[in-house]
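K.L.:
Given chain A, put chain B in place with the hints provided.
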Amino acid sequence: MSRRVLPVGDDALLVEVTSGAEAEALHAELLRRRAAGLLGVREIVPAARTVLLDGLADPARWTSELTGAEIPPASAQAGEVIELPVRYDGPDLADVAAHWGVPEQEVARIHAATEFRVAFCGFAPGFGYLTGLPARYDVPRRATPRTSVPAGSVALAGPYTGVYPRASPGGWQLIGTTDAVLWNHARVPAALLSPGTRVRFVPVAGPSTAVPPATRGPGGTG
Amino acid sequence: MSDRALAVVRAGALTTVQDRGRPGHAHLGVPRSGALDAPAAALVNRLVGNPPDAAVLETTVTGCALRPRCDVTVAVGGAPCPVSVDGRPAPWGAPVRVPAGRVLDIGSALSGLRTYVAVGGGIAVEPVLGSRSTDLLSGLGPVPLAHGAVLPLGPAPALHTRVDVAPQPAPPAELVLRVTLGPRDDWFTAAAVHAFTARAYRVSPASNRIGLRTEGPALERALTGELASEGMVLGAVQVPPDGRPVVFLADHPTTGGYPVIGIVRPADLAAAAQAVPGTPVRFVAVRRRRPPHTGRTDGTWRERT
Chain A
1 MSRRVLPVGD DALLVEVTSG AEAEALHAEL LRRRAAGLLG VREIVPAART
51 VLLDGLADPA RWTSELTGAE IPPASAQAGE VIELPVRYDG PDLADVAAHW
101 GVPEQEVARI HAATEFRVAF CGFAPGFGYL TGLPARYDVP RRATPRTSVP
151 AGSVALAGPY TGVYPRASPG GWQLIGTTDA VLWNHARVPA ALLSPGTRVR
201 FVPVAGPSTA VPPATRGPGG TG
Chain B
1 MSDRALAVVR AGALTTVQDR GRPGHAHLGV PRSGALDAPA AALVNRLVGN
51 PPDAAVLETT VTGCALRPRC DVTVAVGGAP CPVSVDGRPA PWGAPVRVPA
101 GRVLDIGSAL SGLRTYVAVG GGIAVEPVLG SRSTDLLSGL GPVPLAHGAV
151 LPLGPAPALH TRVDVAPQPA PPAELVLRVT LGPRDDWFTA AAVHAFTARA
201 YRVSPASNRI GLRTEGPALE RALTGELASE GMVLGAVQVP PDGRPVVFLA
251 DHPTTGGYPV IGIVRPADLA AAAQAVPGTP VRFVAVRRRR PPHTGRTDGT
301 WRERT
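Read top to bottom, the protein sequences are chains A and B.
When the letters of the first sequence are read in order and numbered with the UniProt record's numbering, they come out as residues 1 to 222.
When the letters of the second sequence are read in order and numbered with the UniProt record's numbering, they come out as residues 1 to 305.
Some hints here could point you the wrong way.
What the hints assert, rightly or not - Facing chain A, a subset of chain B residues (Cβ under 7 Å, in silico):
id, residue
1, V30
2, S138
3, P142
4, T180
5, A222
6, T224
7, G225
8, S229
9, E230
10, G231
11, V233
12, T254
13, T255
14, R288
15, R289
Stated by the list, open to error - Pairwise CB distance ranges (calculated):
id, chain 1, residue 1, chain 2, residue 2, range
16, A, P145, B, V85, 48 to 58 Å
17, A, A36, B, R288, 22 to 32 Å
18, A, A36, B, T224, 35 to 45 Å
No lab work stands behind these hints, which were simulated from the structure alone.
Ideal Cβ placement from N, Cα and C applies to all residues, glycine included.
Pulled out of the complex, with its shape left as it was, chain A reads as follows (with noise of 0.2 Å):
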């Protein structure tokens, strides 16, 4: 286990490690600090191999101090499980069938008896990055990426397990539709999922009886 702690700009830190386990454990380690009131920073943002600390004080300081911290690692059982309803009715179930190289059935039950934690946020509000599945189930996102991916969408790419929170264009592999609202900023917190978050899926029957959660538009990338 190696950790790097990189200078970004005047007053923030990335801090390199080797696993995704790692970062985990690590944002734990950042989060407990900062309740304690040890650590000073405006955004504590994990990522695939990263935590960025963002707005800090003293960057001197915790680039020493992290260098060399001991992180215990993150305890599993640790965080509050969200269950999403969900449908495995994507589009995209026979080739993820196919990568796996199981039955396209076999997909749901794999998906739903697996326990994710969401590692981190992005690419939109609400958007977590799940893991969980043993990496033989990692996949390729689509060649061809959709213009539009519907909200609620529960997809794939590399080892990670996402749901859209609105329409949006994309290109992970879908097979699966959840109504829940993954983001709400009239509700408290905006955010159904955050990092360290355990979500486990629960396949539901039936076609969808709930109203598309609403969106907003332009959005798009200015």
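P.N.:
For chain B alone, kept in the frame of chain A given last:
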């Protein structure tokens, strides 16, 4: 005359509501957003007696026109432009009284890109995660202004400014961006890192609130693999596969997978917000600033040990 609101008579090319944005939610994928030329937004607020974080309007190139439903004090700053009230010229960069029912016209920018309009009491649309800013990347906050829209105003400030006119920096003829290298400068060849800080770039017309795009020499990578997505800061200079640096502005994505060759000093981003397409850009490498041991005193955050 207690109807404290503004009607939009002419929305302009892109006029949004902006304040200081919504930092603190990057871990949920929420961009910080906020006025691109933050000093200009703070200044026009001060001219009308608002707190510096009151919501203002940010226009893009073509201005906008507004009809207040109550008597208001406004101030226009940032990119210089003609200002008029019912066709009669009014000052730019100074408080202007606009009686109810008159039309305040903010003309096209004479130089620069983004003009800021503060109204006494501030634009009082419903905040989202503590901010009224429109975020064009993720669609949070109010939609951009549209013809006929009505914007609520907050209560008129009790104190009036005594400033008659405030000096403001001219939009840059040449954009000089001080940059500290890293965290991913090692993903580029030594020749590319040298070119980045020695060669001339120009502001690309594809720039927007998300990023200032540049045209110029493509920066060649030393590493060809894919970088796993990582957290991004304001002012990060990301280099996409075409090799042309993009400077992340307020609506930037919170994570990204292209290597960041350096970070622009936040103080230089106000000028970046006003640099018209074609403006020459120079990235000047500077040493990392050593923060004082006492920490900062700006009150936004501090060490508590």
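K.L.:
Are the hints correct? Go through all of them and say.
P.N.:
Here's how the hints hold up against the structure:
no.	hint	in the structure
1	V30	holds (5 Å)
2	S138	holds (5 Å)
3	P142	violated (10 Å)
4	T180	holds (6 Å)
5	A222	violated (16 Å)
6	T224	violated (18 Å)
7	G225	violated (12 Å)
8	S229	holds (5 Å)
9	E230	holds (4 Å)
10	G231	holds (3 Å)
11	V233	holds (5 Å)
12	T254	holds (6 Å)
13	T255	holds (4 Å)
14	R288	holds (6 Å)
15	R289	holds (4 Å)
16	A/P145 <-> B/V85: 48 to 58 Å	holds (49 Å)
17	A/A36 <-> B/R288: 22 to 32 Å	holds (28 Å)
18	A/A36 <-> B/T224: 35 to 45 Å	holds (42 Å)
Taken one by one, the earlier hints fail for this structure at numbers 3, 5, 6, 7, listed in ascending order.
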